[in-house]
Amino acid sequence: MSRIAARPASHLLELHLQRWRGRVVAGLLLLWLLGLVMRAVYLQGIQHDFLQRKGNAVVSRVLELPAHRGMITDRRGEPLAISTPMESLWANPASVNASPDQLKHLSKLLNMPLADIQKRLGEDGKEFVYIKRQLPPEQAAAATQLGIPGLYLRREYRRYYPSADVTSHLLGFTNVDDKGQEGMELTYQNWLAGVPGSRRVIKDRKGNIVEDVESIQSPKPGRDLALSIDMKIQYLAYRELQNVVATFKAKAAAIVVLDARTGEILALANLPSYNPNNRQGVKPWMMRNHAVTDEYEPGSTMKPFTVAAALDAGTIKPDTMIDTGDGSFVVGNKRIHDTHANGIISISQIIEKSSNVGAAKIALALKPEYFWDELHKAGFGTTPQVGFPGAASGKLRPYQSWRPIEQATMAFGNGIAVSLLQMARAYTVFANNGEMRPVTMLKQDVASDAGTQVFTPAAAHEVLAMMETVVSPLGTAPRAQVAGYRVAGKTGTAHKPVDGRYSSDKYIASFIGLAPVSNPRLIVAVMVDEPTTGGYYGGVVAAPVFSSVMSGALRVLDIPPDNPTGNVVLPPVSAKVEEESM
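Numbered per the numbering used here, the sequence shown spans residues 1 to 582.
What the hints contain is simulated information worked out from the structure, not anything from laboratory work.
Among the clues, some could well be false.
DSS-like mimics (lysine-lysine), calculated; alpha carbons at most 25 Å apart, straight line [said to hold, decoys possible]: (1) K377 / K367; (2) K220 / K232; (3) K317 / K367; (4) K506 / K496; (5) K232 / K377; (6) K334 / K395.
Model the full assembly from the supplied sequences, consistent with the hints where possible.
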């Protein structure tokens, strides 16, 4: 008998089943591993770029780097607007962990209500909120030293204007995002702003920056802008406006100084003004650039254009005599007045004595279409292309709708609206042989040749000589004389329209003139709105401002005198200065 007993059949079946299970388990494991391999191939190969983007969206961020804004300078390179680095405090609300004492210290340091800080830190769902922007570096550093997790600093720039209120209406200002809002800052926003840069960073799940990965694009600084302004003349003009507003208790005043040859604006100032570095409490009307955006009736400063148009039309000659009678002239059912009777006077005396009656008779002898065309060529009713936002076009009604009284009053500046800049530009015709120059706020290396011939050289020279008599002792503006220089100009005194009617006690006093007459280089236009004490005539209020500014500007530019020293001759103290008609 064999020692080895035969195994039972049930034991063999159990062994077969165990082998089968092993093979099944091994197969399943093999399939699982194969699935993992295929999944890895799918994710790492086919879906790699998609998953990379998704991962980056969670942890990778692109931060903007602000660009340094270009500087604005005057024609001599003096800085008028510069950007200074500032720090803005921001937070990731989800990661801020501050104690009540820390928040109180932060509130005191930032001079900011605690409730405002708590409100900003309580904004759920945001990874970025500003706590306070444009902090001085030392204040920003003190805030970070409080050790509050989740608070960060961001470099920004803030605009600073060294000349403050002296140039505020020219330059305008930028907002908290460093974007131009008014003036040249707005007009040349794209030129000054530059191009922001960017960098990539890695953030953790709470939004905290854990790694600075790479610089994508470096910021491109903005370009500098050189204006035509001469700050020496600008300061002088602003000071004289302050004096005239204080002396005559005026509502407002404006001045424009032009280079008659190039059309460059050397000075432009307004009162009231404001400080663009601190605009708290500034009213919108204080930001108005009266010289560029406001319209007014120019009064008798229009008379030179009426005379020049008539000279070119041939309806008058320089030696023509006009009968102004007793200073009263009826047109339709309206009556035009002079301040006193002048009788029969020459064309030059109409300018010298500012006769409304004489100017009206000259205008009525012109064809309406011709008169309108001459005024339009001189820039009236058109917007000066000066590159300044909101520049007024004025109002010059179509000649087809003119009534005789409207044509007559337009001759002495009623029924027409202009800006002071328009008037200054128009007066370039008398400095350039009848050619009107375009005006600009930018420094010009070469004078523009894009002028418009308005009057003939002969007519322009004749009217220039007539305007020189205005500043004589017998004219309406002897106070406009400048020692050492020949001066020509014209006064204007106009009632202000109020609710469709002319006010009896509100005036605009103006004077526009040029010098030196022998070779005109500068034009100065002055407008004073509602002088209330000490007089209201242009020759009394505005002419002295012209004299002071013109005198200083001629010397700043080192323009040689064309008249002997001691040429200033004022009327005797007992004599009454000639008053202009209105």
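Structure-based check of each hint:
no.	hint	in the structure
1	K377 / K367	holds, 16 Å
2	K220 / K232	violated, 32 Å
3	K317 / K367	holds, 17 Å
4	K506 / K496	holds, 6 Å
5	K232 / K377	violated, 33 Å
6	K334 / K395	holds, 22 Å
Hints 2 and 5 from the earlier list are contradicted by this structure; the remaining hints agree with it.
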